[in-house]
Amino acid sequence: METIKLTIDNRPVEVPVGTTVYKAAKTLGIDIPVLCYMDLHDLGIENKPAGCRICIVEIEGRRNLAPSCSTACANGMVVKTHTTRVINARRTVMELILSDHPKDCLTCPKSGRCELQDMAVKLGIRNIPGQEYAEMSTYKKDFSPSIIRDVDKCIMCRRCETMCNDFQTVGALSAVNRGFMSVVAPAFEQDLEKSPCTYCGQCVAVCPTGALTEVDHTPKVIRALADPTKTVIVQTAPAVRAALGEEFGLEPGTSVTGKMVAALRQLGFDYIFDTDFAADLTIMEEGTELLTRLGKHLSGDKSVKLPILTSCCPGWVGFFEHNYSDMLDVPSTAKSPQQMFGAIAKTYFAEKMGKKREELVVVSVMPCLAKKFECQRDEFKVDGNPDVDYSISTRELAHLIKEFNVRFNELPDEDFDRPLGESTGASIIFGATGGVIEAATRTAYELHTGKKLERLDFTELRGMEGIRSATIDFNGLPINIGIAHGLGNARKLLDEVRLGKTNYHAIEIMACPGGCIGGGGQPLHHGDTSILKARTKAIYAEDTGKTIRKSHENPYIIKLYEEFLGKPMSEKAHHLLHTHYFDKSKKDIFI
Amino acid sequence: MSHIKVELKKEQVAKLKEICKSFNNEAGELINVLHKSQETFGYLPAEVQEIIAKELNISVAKVYGVVTFYSFFTMLPKGQHPISICTGTACYVRGAEKVLDEFKRILEVKVGETTPDGKFSLSCLRCVGACGLAPVVSVGEKIYGRVSPDGVKDILKEYE
Numbered sequence: 090m091e092t093i094k095l096t097i098d099n100r101p102v103e104v105p106v107g108t109t110v111y112k113a114a115k116t117l118g119i120d121i122p123v124l125c126y127m128d129l130h131d132l133g134i135e136n137k138p139a140g141c142r143i144c145i146v147e148i149e150g151r152r153n154l155a156p157s158c159s160t161a162c163a164n165g166m167v168v169k170t171h172t173t174r175v176i177n178a179r180r181t182v183m184e185l186i187l188s189d190h191p192k193d194c195l196t197c198p199k200s201g202r203c204e205l206q207d208m209a210v211k212l213g214i215r216n217i218p219g220q221e222y223a224e225m226s227t228y229k230k231d232f233s234p235s236i237i238r239d240v241d242k243c244i245m246c247r248r249c250e251t252m253c254n255d256f257q258t259v260g261a262l263s264a265v266n267r268g269f270m271s272v273v274a275p276a277f278e279q280d281l282e283k284s285p286c287t288y289c290g291q292c293v294a295v296c297p298t299g300a301l302t303e304v305d306h307t308p309k310v311i312r313a314l315a316d317p318t319k320t321v322i323v324q325t326a327p328a329v330r331a332a333l334g335e336e337f338g339l340e341p342g343t344s345v346t347g348k349m350v351a352a353l354r355q356l357g358f359d360y361i362f363d364t365d366f367a368a369d370l371t372i373m374e375e376g377t378e379l380l381t382r383l384g385k386h387l388s389g390d391k392s393v394k395l396p397i398l399t400s401c402c403p404g405w406v407g408f409f410e411h412n413y414s415d416m417l418d419v420p421s422t423a424k425s426p427q428q429m430f431g432a433i434a435k436t437y438f439a440e441k442m443g444k445k446r447e448e449l450v451v452v453s454v455m456p457c458l459a460k461k462f463e464c465q466r467d468e469f470k471v472d473g474n475p476d477v478d479y480s481i482s483t484r485e486l487a488h489l490i491k492e493f494n495v496r497f498n499e500l501p502d503e504d505f506d507r508p509l510g511e512s513t514g515a516s517i518i519f520g521a522t523g524g525v526i527e528a529a530t531r532t533a534y535e536l537h538t539g540k541k542l543e544r545l546d547f548t549e550l551r552g553m554e555g556i557r558s559a560t561i562d563f564n565g566l567p568i569n570i571g572i573a574h575g576l577g578n579a580r581k582l583l584d585e586v587r588l589g590k591t592n593y594h595a596i597e598i599m600a601c602p603g604g605c606i607g608g609g610g611q612p613l614h615h616g617d618t619s620i621l622k623a624r625t626k627a628i629y630a631e632d633t634g635k636t637i638r639k640s641h642e643n644p645y646i647i648k649l650y651e652e653f654l655g656k657p658m659s660e661k662a663h664h665l666l667h668t669h670y671f672d673k674s675k676k677d678i679f680i
Numbered sequence: 017m018s019h020i021k022v023e024l025k026k027e028q029v030a031k032l033k034e035i036c037k038s039f040n041n042e043a044g045e046l047i048n049v050l051h052k053s054q055e056t057f058g059y060l061p062a063e064v065q066e067i068i069a070k071e072l073n074i075s076v077a078k079v080y081g082v083v084t085f086y087s088f089f090t091m092l093p094k095g096q097h098p099i100s101i102c103t104g105t106a107c108y109v110r111g112a113e114k115v116l117d118e119f120k121r122i123l124e125v126k127v128g129e130t131t132p133d134g135k136f137s138l139s140c141l142r143c144v145g146a147c148g149l150a151p152v153v154s155v156g157e158k159i160y161g162r163v164s165p166d167g168v169k170d171i172l173k174e175y176e
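These protein sequence lines map, in sequence, to chains A and B. Here the first sequence is numbered in the numbering used here, starting from 90 and rising by one per residue. Here the second sequence is numbered in the numbering used here, starting from 17 and rising by one per residue.
There's no promise every hint is true.
Mimicking DSSO-like on lysine-lysine, the simulated pairs with C-alpha atoms at most 27 angstroms apart in a straight line are [what the hints assert, rightly or not]:
| # | chain 1 | residue 1 | chain 2 | residue 2 |
| --- | --- | --- | --- | --- |
| 1 | A | 229 | A | 581 |
| 2 | B | 70 | A | 283 |
| 3 | A | 283 | A | 590 |
| 4 | A | 673 | B | 126 |
| 5 | B | 70 | A | 590 |
| 6 | B | 120 | A | 229 |
| 7 | B | 126 | A | 229 |
| 8 | A | 673 | B | 33 |
| 9 | A | 581 | B | 70 |
| 10 | B | 33 | A | 283 |
Since the hints were made in silico from the structure, they are not lab data.
Bound-form chain B, shown alone (with noise of 0.2 angstroms):
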């Protein structure tokens, strides 16, 4: 987890509670909630977190229970560039697995965080639906089909 300090601006306040009050602060809404916010700040920093349990009257223990249960909700913001390897079956027979090793090893990083430059963040997906272009990694929006480990920096590059 992150110990980052987030200093949230006023007006990130405001919505936060906008937020909660479009579910009418109810604590039956926590993963509405959680869903509405992660998509307007990005990701679910402890900051967030203790506001929201204000907001719906719970503790921040059981907000924070619920933000790690879910892989879906984060506590890292998310790279500029955000790359994802789909370890679904068919990539993951096709070396997926090798690919993301090579990522993890080039960038520093493990599954879920972000490199310190906050340029790259990885993760990775269940099946994209190009299973006939496996291993499959995509970059923001850009796909990369028959991704071997030795065309990982190649990918890289192309973001430098």
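Chain A on its own, in the form it takes in the complex (with noise of 0.2 angstroms):
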């Protein structure tokens, strides 16, 4: 490999062709600051504008102070990054992008865990001179059901333009206007509501400062707590106890599952359930579909189309609904375990309870900013009561623990209620890519054929590879599975699948980079991979660790097919555990 040799700081470095100053800096163990640079390495990702200018370093012989962010090193460079012309220009830098930023940190969503405050705490930045004549741009909020766009916070990194487009491919958002009026918007200036957005929230998993936020929910759960007429039960997604921890200071990859039962129990929740009993019951549902359809297929019936999509996934509803109009009978038509879990819950659970349905408040914990959306959508309320009435986020559930005076890392570990918190090691990882897959093919194998598996872990469907595909064998039937994380990914695997290109039987799609680990609602990971990778660890521990690893074997399942559902894909299973789709392709955008 050719190198380059350069000094930074006085101390001489050899790198790699095409480094760039910022990154060779960094293997000396220098720190220069960035503020619009993002540096998703393992996707592939990486944002550098070179925008905001906060990374200028002084490079020997040049005029100009450059952006280390993306200057390339070359042979003999001397670079300085933090001479006196340096220091005073980066902060004259961030005195500029705060003169047009509010200053209403007190109360800003994203105080404490701001990136563009953390800066001007680095900076020193004390006062903003000329500010008494600074105009400040001013630019309505927009509110929808997952996401707030507030962009006079905007700085114009384009970290979330990059995420949106070149990762997601949904295109949703773009900078719009010039100069003082340049923002992000999506077409038109129009809500987000009336974009193409799927509200996978990857944007706001990005964002530096408080432009893009989750709508949130905690203060409505509050009340529900409080209100005594109300049984309130709490659900919460497998992702949730891999992250939840960070936000308290823990290692990533910390598994806090006992803990944040716990701690729910504190807030006082009437129920602490778990959304992996309602994963456990997608699997039977989907992998059910899956058989059925395949065996339909296998006996020459032309009318079933093969692959089977996953549906658990909102974001990558959405992205569907408004990408692939044309295939809206591919995806499975099982609602996601989040509305799974809302249907059983309000019925099953309703009755056995003895309470009727506008008794119970069902909130849910994920890792999603989507599913705040999800559980909105009309067709999964009853007389205009929904299933699942607020959905929270990791973030906000961190939020309201601390609010409720609660030492989270000394809690001891406490168990899930019965019924609907039993569940299976397939379902847990059901939070990372692949793992829905992984679980509906252990539960289809034995279903199938009838014998017990051998080995439970297939590792060949495990990874963070954005495009993953693997060839299972069936007791000689051979099924092939295709695995999508991130939406650009889904993209080019389903253009293939419409070309009719490819041979799958089966194909998961998860919207976020990881799957549902690197989720939009997830503690902030600041563009740190290894901290998605550390969670997925966690995830498949507990796999390992639980004594009942497949969804079928899950004794409250089988009981509420016994007591409730009668079988998989019922008529009553069909009522409540199953959706249909929507054509958004020729949406409206305009007013």
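Assembling the complex is the task here: the two chains are given apart, and the hints tell you how they should meet.
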């Protein structure tokens, strides 16, 4: 490999050709401050518009200061990262950025986790010269069901645009207008709700400021908890337990299932249940649907479409409703675990408790922002009463726990309540890319072949690669499986399916990088993908630690079918656990 | 921005597709496609941008981003008599802004807008090369020199 030798802050360094000054400095342990720059290396995403100019450095022999994030190293280069000239210029750049930034840090939802705030602290900004004459841009706030856009706080780093366009290929956001008026907005500056946005929340996950934040449902949850006429039930998604600890200073990858349950009990929820239970239920329905479709397909029924696509991810559902409306009959009709849980809680469990559905409040804790939109969809309501009342993110739960004065790290481990809190290892891995299809494979294999699986770990289905495929031997019948995470990867895979170029039987798709563990509602990873890997590891470790690791062996699932649903895909199951999709491709974006 | 709903005729859609095709439907040709489309339609309403986005396989947001970035592109139809006020240095120091204000006051429109009856549209431009006549105003093809705020209503009268 060809290398380049240079000096940074009087220290020699040798780096491969093409390395930027910023990265070369990093190898020396020199952290040049960056604001707009973002490197999601394992996902192949790098955002370096060199727009903010915070990362400027002095290079000997050059007249101007250079942005280190986008300046390539050259042989013999002499770089200085903290000369008086650099420090003064960097401070001026920051003051200019702040001159048009609202000063409501105290009440900003991003306060304490804001990269702009951190940078102001780091650079020791104490006043903003000329502030009294500065004009402030004012732009209307945009409230969607999941995401709030407050673009007065936008610093035009363009990270959200990179995620929305390059990684997710959703194309909801773009920089519009110019100069003082420029912001990132949907086409024709319409609200997000009228754009092709899927609410995946990846824009929120990377936004350095309070310009993009989630809709906060915690006040509604607090009110419900205080209402003596309501029985408040909580369900927690698999990926939450693998990341919640980070909000309390624990190492990424620390599983906090037991502490989370204990905390939820202290918050005053009446029943602490698990979305994992509903994930097992999803496998029963989706797995049966796969086997039914497969059976018909193999017997030559041309009306049956394969591959079957998973439908647990609401970001993904929104994406295919907007972009693949010609293929609405391809995804599984199974509802997502969140919605299956709500439907069962407000029927089966309500009956058991002798309560009316209106007396129950179902709260979900999700690593996801699209879940907020999903639970508000009309088809998931009965006479206006939603199956899931409120969906809060992992971050919102952490906030609730802090607000309720709970010392999280010292909590003892506690167990979920029965019956909707019992789950298997198969359901836990829903939280990582490839997990749903692995869980489905475990069940479908045994149901199809009638044989016991010798090996439960389908490592060929795991990993961080964007698109993966594997063939699983179903006792002589080869089943071709495809996996994609990130909507851009999903698009690539789906385009091939649309053209009939593939021979997959089943495909799992997750909208977010790494699956739900990298969801838009998770603790902010600030571009550090090693955190995503640690969370994935925690998920698979929980699976291995479970005695029951196959969904169809969950005793409470068996009981649910015996007592209530009959069998998978029964009429009752169809009514409660399956859904249909809408063509949103022609959605009118004009007022 | 405009929310006036525009129904594009079949021929217009076909024409747009033809323009895109003449640039091989390449995303990198967006600016050229927009130029040609504005030349054909006079302006770039949302519906036109949507078709272009679809043909070039890029997001509508991206197309709108480019349209709003370059002041040459407009989403509003030009009036029957497009008025341009030169705000170049020479015209500016000789009072172009006061002339502009008078146009805005009488027509009740902002720069870049068109009167509701479609008669006049107002825009600014930089230097028409007639600095000796500053401040300069053009209405359609006709040039007016040494315009004072008092003279604005007389100019408009000519087009009643």
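Straight-line Cα separation of residue 581 of chain A and residue 70 of chain B no greater than 27 angstroms?
holds (18 angstroms)
Are the Cα positions of residue 120 of chain B and residue 229 of chain A separated by 27 angstroms at most?
Satisfied, since the Cα-Cα distance of roughly 25 angstroms is no more than 27 angstroms.
- Query: Is the hinted pair residue 70 of chain B and residue 590 of chain A satisfied, with a Cα-Cα distance of at most 27 angstroms?
  - Reply: With Cα atoms ~23 angstroms apart, residue 70 of chain B and residue 590 of chain A stay inside 27 angstroms; holds.
Satisfaction of hint between residue 590 of chain A and residue 283 of chain A, Cα-Cα up to 27 angstroms: violated (33 angstroms)
Straight-line alpha-carbon gap residue 673 of chain A to residue 126 of chain B, limit 27 angstroms:
Distance of about 36 angstroms is beyond 27 angstroms: violated.
Discussion item. Checking one constraint from the list: CA of residue 673 of chain A to CA of residue 33 of chain B, max 27 angstroms. Satisfied?
Written reply: holds (23 angstroms)
(request) Compare the distance between the alpha carbons of residue 126 of chain B and residue 229 of chain A with 27 angstroms, and conclude whether the hinted pair is satisfied. (result) holds (20 angstroms)
Open item on the list: With the threshold set at 27 angstroms, check whether the alpha-carbon distance from residue 229 of chain A to residue 581 of chain A stays at or below it.
Closed with: violated (35 angstroms)
What's the verdict on residue 33 of chain B and residue 283 of chain A, does the C-alpha distance respect the 27 angstroms limit or exceed it? holds (25 angstroms)
Decide if the proposed pair is consistent with the structure: residue 70 of chain B and residue 283 of chain A, CA atoms, cutoff 27 angstroms inclusive. The hint holds at about 17 angstroms.
Hint violations for this structure: numbers 1, 3, 4, all remaining hints satisfied.
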